[in-house]
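Mind docking these for me? Both chains are given alone in their own frames, and the hints should help you get the complex.
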Amino acid sequence: MRTLGWLRSTAASAVVAVAALGVLGGGQAAAQGKQLTLCWAAWDPANALVELGKDFTKQSGIEMKYEFVPWTSYADRFLNELNSHGKLCDLIIGDSQWIGGAAENKWYVKLNDFFDKEKISMDDFVPATVVGYSQWPKNTPNYWALPAMADAVGWTYRKDWFSRPEIQSAFKAKYGRDLAPPKTYDELKQIAEFFQGREIDGKKVYGAYIFTERGSEGITMGVTNVLYNYGFAYDNPKKPYQMQGIVNSADAAKGLEFYKELYKCCTAPGMTNAYMQEGLDAFKSGQVAMQMNWFAFFPGLYKDPNVGGDKIGFFVNPAGPKGHFTQLGGQGISVVATSDHKDDALAYIKWFAQPAVQQKWWQIGGYSALKAVVDAPDFPKSAAFAPQFLESMGIVKDFWAEPSYAQLLLDMQKRVHDYVVADKGTAQQALDLLVKDWTKVFKEQGKEVASQ
Amino acid sequence: MTTISQPDATMPGVSTPAKSRDARRVRGLSDRAIAWLFVAPTIALLLAINIFPLIWMIRLSFTNLNLSMSYLPLRFVGLDNFRDILTDEDVWFRLQTTAQFVISSVVLQVVVGFGLALLINRQFRGHSFWTTIILLPMMLSPAVVGNFWTLLLQPQIGPFNYLISLFTGVPPSSFSMTGQVSLAPWTIVLVDTWMWAPYVMLICLAGLRSIPDYIYEAAEVDRASAWRQFWSITLPMTVPFLMLAVLFRAIENFKMFDMVNLLTSGGPGSTTELVSISLKRAAFEKWRTGYSSALAIILFVTVFGAANIYVKTLNKVKQR
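Protein sequences appear in the order of chains A and B. Count along the first sequence starting at 1, add 20, and that's the number in our numbering. Count along the second sequence starting at 1, add 1128, and that's the number in our numbering.
Extracted from the complex, chain B is given alone in its bound form (with noise of 0.2 Å):
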């Protein structure tokens, strides 16, 4: 057994807390003075990649600055940029696509992922070797899924379409999941789903883990059915979970880029264009760098917005 003894202050070589300060004085740096020396590379590594960058892309965004015409003169245009943007019915139209993509695929993703974080949730033979498989798609890079889906969804020789036409008797070259304007907007959602469903089960995993037992032993005397144990216990307890993966989903969705870029590239014409990739074509492909400074500001804010909303109701949701 170890035991830990406490310093005497008044033994002899031992140096007081004064004393041990007037000697670090002595050597210049206060207890103050050495922590912001060990947080100052973060701070500036932080200011360098972070704070210089915002500050600068909010510059930018007040200037016509075109990257490919670098030649020309940089003019200060005042808000001429977010108001191109904020007039385009194309990104409008391209919000409207973002907001149709996140809703349906974290309503989607939350619905599979609770489902699936139940079913874990009981202990049954191959349980851990089953945890696992469901696990793999999200530990896939997403530029892996698109090329990995790309492939199973071609309509010649993926069998994706041959099992939906093993189900329907569709031929199953007679229809394209990424190239139909009526399917292509499912198909990101379906494989959106299949790689971060799992995630979401996980914290809703977390979440019915969290629930104690006698909670249930207790609804048990009082004989509750499953449903009602599931409907008056289950849900409302792991519903600030539930929260919690709609708000990582929800941004993380709002972003969403490789996936779509590698599986559509947008299209079929700009029907999965969601607005990430209008401000990938507008920033590096176009070249627009003070308009796309623009446009990533607004995004920004809205996101910034949505969040800090959702975050309050969140807190009012937990404190209840």
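Bound conformation, chain A alone (with noise of 0.2 Å):
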């Protein structure tokens, strides 16, 4: 009995402390209490952005929580959220072709008012990123986001291999210049197909890595760094959703078979469904020569101990015989219109506005599109990287931000993944195809489509 009643002032005792701790520990809680959830995809710069959240949390209190979620399915899955008016997020960076229907379908919260106040000027932010990743309508002072994370298309290289003598003269005695950096697509190509195939320490390499994915946005990303420098647009600048003609010029086409013919000359094998991953993993296993990629994964690329440092090097997306384009990638930070705690993200915004803050930010691994960070003289010395960067971002092309942007996005990616991985039909069927199906979607948009 007397066990009995010492279990039982034991339990009592128990229940007690766990209630009382139950009661300070809430107590805290609430004291800190506020937490946002930040949606981005999950790669690098999203650790480095943890990493600069968590001077947030120091300054506000607020926690900050993430949900990244990998590329491939990262359009799918948040603009499911938003299309569902769902609240896991409360912060979102969104991907720059999003913005068309995030304005119209008012999934972000406008941002004009916010800026006003808290005297936020986009004029401090550079104009291809305020364009491609806030406005909507383009080039109207309608604001839906703050330019989080600039980038672009560029290319790595291997240094080392440029540097090698036995390479550089053999390069020479077929080509009758220094092996260098291309500046044109031409030259890129001559390149890749100088290093195809060729044995270097013993193993097979290959001439160069070009986006070929399929299942979201990959070869669209890739081929439109080709379209663009041989003559390819959208529309007609003087009559908008105007594309017979334009989209399937005749220059246009030619763009797109040099796509086919550096995707059949130079890439490895096997390379039939690759995006950004799959151009790391060949980069890093010193499998190509030159890779396309996205400057946000550069930083990472210049650490690796394998393939970083001396042995690696950058160029800006080549030029073509109608021009110097690369592809416009990047995010705008927005806030989610059905979030609970639109205050708290709204001060997140203005934090991460601030320019110490943006300073960090590319100093860390995140790419800035604040003028008084990039355009800083040593800006250019402050990576090896830099330079490129900072030149491809003068000359950024994005693809359709229109609401129906998924539809356009999916019919370009069919259209060019049947001709160049498939050998389906010709360049030219393929654009007047890509013509047709946009026209459709534009016309069910509710858009005047003028045929000439």
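Be a bit skeptical, because a hint or two may be false.
Claimed, not checked - Taking lysine to any residue and the SDA-like style, the derived pairs with C-alpha atoms no more than 25 Å apart in a straight line are: (1) A:Lys370 to A:Lys380; (2) A:Lys126 to B:Leu1202; (3) A:Lys456 to B:Asp1218; (4) A:Lys304 to B:Asp1218; (5) A:Lys274 to A:Leu300; (6) A:Lys362 to B:Tyr1199.
As the list claims (entries may be wrong) - Among chain A residues calculated to face chain B with C-beta under 8 Å, some are: (7) Asn100; (8) Glu101; (9) Asn103; (10) Asn125; (11) Asn293; (12) Ala367; (13) Leu430; (14) Lys444.
What the hints assert, rightly or not - So the derived label-pair ranges between C-beta atoms look like this: (15) B:Tyr1342 to A:Asp96: 27 to 35 Å; (16) A:Lys224 to B:Pro1287: 15 to 23 Å; (17) A:Ala357 to B:Lys1446: 58 to 66 Å; (18) A:Lys203 to B:Asp1218: 36 to 44 Å; (19) B:Phe1428 to A:Asn162: 41 to 49 Å; (20) A:Gly445 to B:Pro1287: 28 to 36 Å; (21) B:Lys1383 to A:Asp206: 44 to 52 Å.
Treat the hints as calculated values from the structure; they're not laboratory data. Ideal Cβ positions, reconstructed from N, Cα and C, are used throughout, including at glycine.
Put into structure tokens, the structure is as follows:
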């Protein structure tokens, strides 16, 4: 009986202690209490953002929670979330092409009043990023996001291979010029052909890595880098949505043919459905001489013990016969309209826009779009790829950012992949069909589409 | 030994059925009401998660709803979505691709599955062990199978190409099983067969084990050869089981999505884009809700109709 009595009193004490702890803990949690969820893609810069966010928590007491999704399902997952008016994300770093749909569907909070109140000026950001990530309609002062992660397509190359005397002399003997990072796509193809199948350090290597992914956006984000420079445009600048003869011009068809030639002549076997990660793997494993990829990955590649440091070099997307552009990547940060914590989310954006925070963002692996950071005199020397990044941000072009962008993107994925990888039809036929697809989409959207 | 005694209705203290009914009525619930009470949650759930979405989808199929442009007014478009689908060459091409996949994979699975069943039906050393090994693939998730085979089929590091190279002398990295138009459709058939032939084997095995031994004994007495026994006893008596396997696998393969999506994403180009992948793209990537609802209905009617015809044929075969 004594044992039972002791047990009873111990249990009672434990219950009281647990309850007291609960009350205390609850009180502490209530004191800190606030939490924000930020949604983005799972990639290197996201890790840098987690690091950066610790400063925000320290200053504001607001805990940051992150929801990072792999790129291949990033659009599916978050567009679904936004479409269904979910409350998962308070803040979202959404892709540049989402801005039209997000604005029209009111998924994002319009930031004009907030920017005015907090004296955040869009003139302080790189113009291409403001147009690309924040404005809808484009080129109007209607802001739905703060440029968060500037990005574009660039190229890496094996600087150590390029600088080997035997390789240099073999190249010069074959092409009559020095082996150097290419300035034009013709030069790039020559270099890629030169390296294709060559044995380096006892290992067979390949010329170039380019995007060919079918499922999400890969091949489109790759081919546009060539198409823009061969004269492709999305529509007639004087007649919006007039695509006939522009999208499927003879020059554009030549650009598409070139991309296929590059794919056929100079890529590693099996690269039929490859995007960012496959490119990183190919480059890191010493398989390719040159790699097309997003600047966002270059800090990580530069740090790589096997191919980074002195072994890696960077160059801007080469020019073509009709121009010099590169594909815009990157995202803006927005407040989700259905969030229950809009004020806290706006506080995060206010904090993130500060020059000191933007400077740190660049230093730890993010890409700032703030002019105070990228136009600083020492910026080009701040990283091995900084000059190329700066130049690229001056020549970017983006895909459609219409609310129907997903349909437009998937149509292009299909037509380009059918031609480039599956050998279906000609380049001209692929682009003609693309015009047909896009015209249908715009008509469904209620747009006036002029045929000529 | 336990004996079960029937209660005597006339025994005192034991109520008669009439009395019992009266008692229940007094409590306010009849037998029928109690039955409904138990069934009601299931029916409610069925209505909520099956019937209501189906009716809603039928409604949406007559509209222009596009969730990525939900700010546009919702319009009733009549049969426009159905007309667009049925006159779209791409949709017919996808249906053709799906039919080729279903027929090739089901035929191969039945041949392999039936062959395996004949082998496993014999008693030999390690019988249980090999049965377990053969059944392993069908226990895996299609997502795992997709990723696993993607690695195996990788042209540079995947062992599959090296194996082919060993027998044919073709350099391993000179071909891509998932990236070449001529090989990709057969690759998905191969992987699906690897995964699901064991399932067909199980069904066939049930069929083989259901054949009474005395039939074979009678055939032996009549000095029927092994081939004759197979042709006149084994095959006819397992046909209903084979047809059942064909039905299950055909329906499943018509809906095939996950494994193909992981292996090829419908590529190269649109070579392996099955109709289920098109449907997913239309519904959850292009957000064409009205259009995709119409496509889903067309597919449902197609599968339902084909399955009904098949089941009737199956019943006729059974009656024979």
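Hint-by-hint comparison with the structure:
1. A:Lys370 to A:Lys380: holds, 15 Å
2. A:Lys126 to B:Leu1202: holds, 17 Å
3. A:Lys456 to B:Asp1218: Holds, because 13 Å separates the two Cα atoms, which is no more than 25 Å.
4. A:Lys304 to B:Asp1218: Not OK: Lys304 of chain A and Asp1218 of chain B at ~39 Å, beyond 25 Å, violated.
5. A:Lys274 to A:Leu300: At roughly 28 Å apart (the allowed maximum being 25 Å), Leu300 of chain A and Lys274 of chain A break the hint.
6. A:Lys362 to B:Tyr1199: holds, 22 Å
7. Asn100: holds, 7 Å
8. Glu101: This interface hint is violated because 12 Å lies over the 8 Å limit.
9. Asn103: holds, 5 Å
10. Asn125: holds, 6 Å
11. Asn293: At 6 Å from the nearest chain B Cβ, Asn293 of chain A passes the 8 Å test, so the hint holds.
12. Ala367: At about 29 Å, which exceeds the 8 Å cut-off, the nearest Cβ of chain B leaves the hint on Ala367 of chain A violated.
13. Leu430: With a minimum Cβ separation of about 6 Å from chain B (threshold 8 Å), the hint on Leu430 of chain A holds.
14. Lys444: holds, 5 Å
15. B:Tyr1342 to A:Asp96: 27 to 35 Å: violated, 59 Å
16. A:Lys224 to B:Pro1287: 15 to 23 Å: With Cβ atoms ~19 Å apart, the hint holds.
17. A:Ala357 to B:Lys1446: 58 to 66 Å: Hint holds: Cβ distance 59 Å, inside 58 to 66 Å.
18. A:Lys203 to B:Asp1218: 36 to 44 Å: holds, 40 Å
19. B:Phe1428 to A:Asn162: 41 to 49 Å: Because 43 Å falls inside the window, the suggested range holds.
20. A:Gly445 to B:Pro1287: 28 to 36 Å: The hint (28 to 36 Å, Cβ to Cβ) holds, given that Gly445 of chain A and Pro1287 of chain B are roughly 35 Å apart.
21. B:Lys1383 to A:Asp206: 44 to 52 Å: Because 48 Å falls inside the window, the suggested range holds.
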